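From first to last, the protein sequence lines are chains A and B.
Residue numbering for the first sequence is 1 to 301, as defined by the working numbering.
Residue numbering for the second sequence is 1 to 371, as defined by the working numbering.
Possibly wrong hints are sitting among the right ones.
What the hints assert, rightly or not - Computed cross-link-like contacts, DSBU-like style, restricted to lysine-lysine with a CA-CA straight-line distance of at most 35 Å: (1) K168/B x K117/B; (2) K128/A x K18/B; (3) K225/B x K185/B; (4) K128/A x K75/B; (5) K75/B x K108/B; (6) K15/B x K127/A; (7) K7/B x K127/A; (8) K75/B x K92/B; (9) K128/A x K15/B; (10) K225/B x K7/B; (11) K127/A x K75/B; (12) K302/B x K356/B; (13) K225/B x K356/B; (14) K117/B x K75/B; (15) K108/B x K185/B; (16) K127/A x K18/B; (17) K349/B x K302/B; (18) K28/B x K15/B; (19) K225/B x K28/B.
Just so you know, these hints were derived from the structure itself, not from any lab.
None of the values given here were measured: they were computed from a predicted structure.
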Amino acid sequence: MTDLTLPKTAARSSDEAAAAKRARMDLISAVVRYSLLFGVGFLMLYPLIWLVGASFKTNSEIFAGAGFLPESPTVEGYVQGWQTSTPYTFGRFFWNSFLIILPKVIGTAISCTMVAYAFARFEFPLKKVLFGSVIAVLLLPNVVTRIPQYILFRDLGWLDSFLPLWVPSALAGDAFFVFMLVQFLRSLPTDMEEAARVDGANSLQTLIFIVVPMLGPALVSVCLFQFMWTMNDFLGPLIYISSVDKYPVSLALKLSIDTTEAFEWNRILAMSVLTITPALVVFFAAQRYFIEGISAGGRKG
Amino acid sequence: MAQVQLKNLEKVYNKTNKVVHGIDLDIKDGEFMVLVGPSGCAKSTTLRMVAGLEEITAGDVIIGGERVNDLSPSKRQIAMVFQNYALYPHMKVRGNLSFGLRIAGRPKAEIAAAVDKVAEILEIEPLLDRLPKQLSGGQAQRVALGRALIKNPGVFLFDEPLSNLDAKLRASMRVRITDLHRQLKAEGSSPTVIYVTHDQTEAMTMGDRICVMQAGHIMQVATPKELYNAPANLFVAGFIGTPEMNLVEGAMEGGEFIMGSQRLALGSDLASRLSSQPGNAVLGIRPQQFSLVSEGPALQAKLVNAEFMGHEVYMHADCEGRRLVSVVGAAEFEARGQSDVIRLRPDPKTLHVFDKSDGRNVSLHGGSIAA
Chain A
1 MTDLTLPKTA
11 ARSSDEAAAA
21 KRARMDLISA
31 VVRYSLLFGV
41 GFLMLYPLIW
51 LVGASFKTNS
61 EIFAGAGFLP
71 ESPTVEGYVQ
81 GWQTSTPYTF
91 GRFFWNSFLI
101 ILPKVIGTAI
111 SCTMVAYAFA
121 RFEFPLKKVL
131 FGSVIAVLLL
141 PNVVTRIPQY
151 ILFRDLGWLD
161 SFLPLWVPSA
171 LAGDAFFVFM
181 LVQFLRSLPT
191 DMEEAARVDG
201 ANSLQTLIFI
211 VVPMLGPALV
221 SVCLFQFMWT
231 MNDFLGPLIY
241 ISSVDKYPVS
251 LALKLSIDTT
261 EAFEWNRILA
271 MSVLTITPAL
281 VVFFAAQRYF
291 IEGISAGGRK
301 G
Chain B
1 MAQVQLKNLE
11 KVYNKTNKVV
21 HGIDLDIKDG
31 EFMVLVGPSG
41 CAKSTTLRMV
51 AGLEEITAGD
61 VIIGGERVND
71 LSPSKRQIAM
81 VFQNYALYPH
91 MKVRGNLSFG
101 LRIAGRPKAE
111 IAAAVDKVAE
121 ILEIEPLLDR
131 LPKQLSGGQA
141 QRVALGRALI
151 KNPGVFLFDE
161 PLSNLDAKLR
171 ASMRVRITDL
181 HRQLKAEGSS
191 PTVIYVTHDQ
201 TEAMTMGDRI
211 CVMQAGHIMQ
221 VATPKELYNA
231 PANLFVAGFI
241 GTPEMNLVEG
251 AMEGGEFIMG
261 SQRLALGSDL
271 ASRLSSQPGN
281 AVLGIRPQQF
291 SLVSEGPALQ
301 AKLVNAEFMG
311 HEVYMHADCE
321 GRRLVSVVGA
331 AEFEARGQSD
341 VIRLRPDPKT
351 LHVFDKSDGR
361 NVSLHGGSIA
371 A
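Next comes chain A alone, as it looks inside the complex (with noise of 0.2 Å):
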């Protein structure tokens, strides 16, 4: 018995003491890993962190030295950012960056959807043409479309509206957004849309019943990526927009450098945190979608 229970005893604690080893190992090497992880990411960070940080200095610290913490912390930056130089508050122009965005996503949403949809399940004249162009579109630099766009525009009376910003999104103007969404159908089966058929769905059903809620996943991202293109968009307001009462917040920052002879960083700085507060809620807030969406396609057996 003790002969056979001796060498048994002895491979265990050779056993135990191997995998000790491994679980340290395994410990240096998370640490290692995540430390280097969280190195690199604090230095990406760091602006962003800084910003935070320096929308609560006083005006004078800010430039004082590349720390974050602020020596003695102030909200006024925001208070008096938030009544800016104007007869109007920020919250007059956070409004107007709202009602801007607002019909542009849904305008965006619909629109692609639908041109989405004709191109990549139906067959009809020049199709291979229009998508060509659609892809042409999106090649395009923006730059080159800014005069006749501006012209056009200015011809229908529409200057110093919304209606340039809304219009042509409305009409499936972003090519991107159709091209995304173009292949995320051709990835989808077509099974369900001819199930959808042989139940009696005309095009449109089958587009609102069958395809709209498996798109999902891609439409989150569409209105996602609209919404923060917009909120950051700059040279779209600043060429159509003259009216400081319609000024949406990416224009109303601007205003706080141009109308000021000494800039009042701090008030800039706080406002720009407040600018970049809804992306991020809305962007941490819809992560969620981007996860679930995908694996919500056709189930296969």
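Since chain A is already given, all that's left is putting chain B on it; use the hints.
This is chain B only, laid out in the frame that chain A set:
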């Protein structure tokens, strides 16, 4: 009344690629018709033309006496079950079942009653509030079947509905579908079924009649028994039956079949049906029609391999360089199959002789072999 007629049906893709070559097929009211063939034989394309999911290049599809070429799928009194189930992923089972009725704008009470009835028939009541992704393959297939059933159509179209299921489930679903068809017939609604499959077991067990297709042509339309006993050509002979029929090339001469150095008398019955003209032919022998003999006229072959299947043994033998498969009872194998050289005697009544040049079964109705 829903007999289905295909008249000279053709399908051409991209103007040059002809995949269905003028099919004529009459399917009787209430009949269970199976379209079977190897993959790429255009059986699914044919079904999709009947469904209205594929445009018809030429010819007519007639359902219940009405030409439906230009009608949308929903107006053709059809319902279809897809290979991948094609359940709407975002709707619960209840929603999937009722979608067609809701689109048609039926009253809510009627829809609920119809859903309950179908769920009861298919035993899917506990699943009504689940999403498709929460169903197993067999359950999903039953829901897909329910979605077809709820429409009470004149014609059921099945597009390889069981090929995504495992073997055991496939066997039980096979019985379930034929049972359902029989039940509906007994209730008097007598729906016609067109069932597409590449699996000849499914075809043989389910069909009232079977239409064997190859490369866009119909090879033979017949009952399962007739297909097995009287295949019209080489393709059907090789396609129907497991293990496959032995097809041996050789020459016909004076009522005997000659392969290499061996001669096999075909029996007076078969010989009298064939012209005495000599020619190249293919002899078809079902593996089950061989018996192991110790003496008398037979084909001598070298035993290469024996697969033990329980009550029977599949013997693979080499006969003058040709592979012969025979199925014999386990006891018979024990008694006479142990030597290296075995003697296989085919039952002369079940032999088939095919013309080598065009594949016709010339032993069926009497015919000559092209010289």
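Is the straight-line distance between the alpha-carbon of K225/B and that of K28/B 35 Å or less? holds, 18 Å
Proposed proximity, K75/B with K117/B (alpha carbon, max 35 Å): This hinted pair holds, its Cα atoms lying about 23 Å apart.
Tell me if the straight-line CA distance from K225/B to K356/B falls inside 35 Å. holds, 24 Å
Would the hint linking K75/B and K92/B be met if the CA-CA limit is 35 Å? holds, 26 Å
Starting from K7/B, check that the Cα of K127/A is at most 35 Å away, please. Between K7/B and K127/A the Cα gap is close to 33 Å, so the pair holds against 35 Å.
Taken at face value, is the distance from the CA of K117/B to the CA of K168/B at most 35 Å? With Cα atoms ~27 Å apart, K168/B and K117/B stay inside 35 Å; holds.
Holds or violated: are the alpha carbons of K128/A and K75/B at most 35 Å from each other? holds, 31 Å
Between K75/B and K108/B, is the straight-line Cα distance small enough, at 35 Å or below? Measuring from Cα to Cα gives roughly 22 Å; hence the hint holds.
Hint consistency between K128/A and K18/B [alpha-carbon to alpha-carbon, up to 35 Å]: holds, 24 Å
Given the hint that K108/B pairs with K185/B, test it: the Cα-Cα distance must not exceed 35 Å. Status holds; Cα separation ~28 Å.
Compare the distance between the alpha carbons of K127/A and K75/B with 35 Å, and conclude whether the hinted pair is satisfied. Holds. K127/A to K75/B sits at ~28 Å (cutoff 35 Å).
Assess, step by step, whether the Cα of K349/B is no farther than 35 Å from the Cα of K302/B, and give holds or violated. holds, 25 Å
The structure meets every hint from the earlier list without exception.
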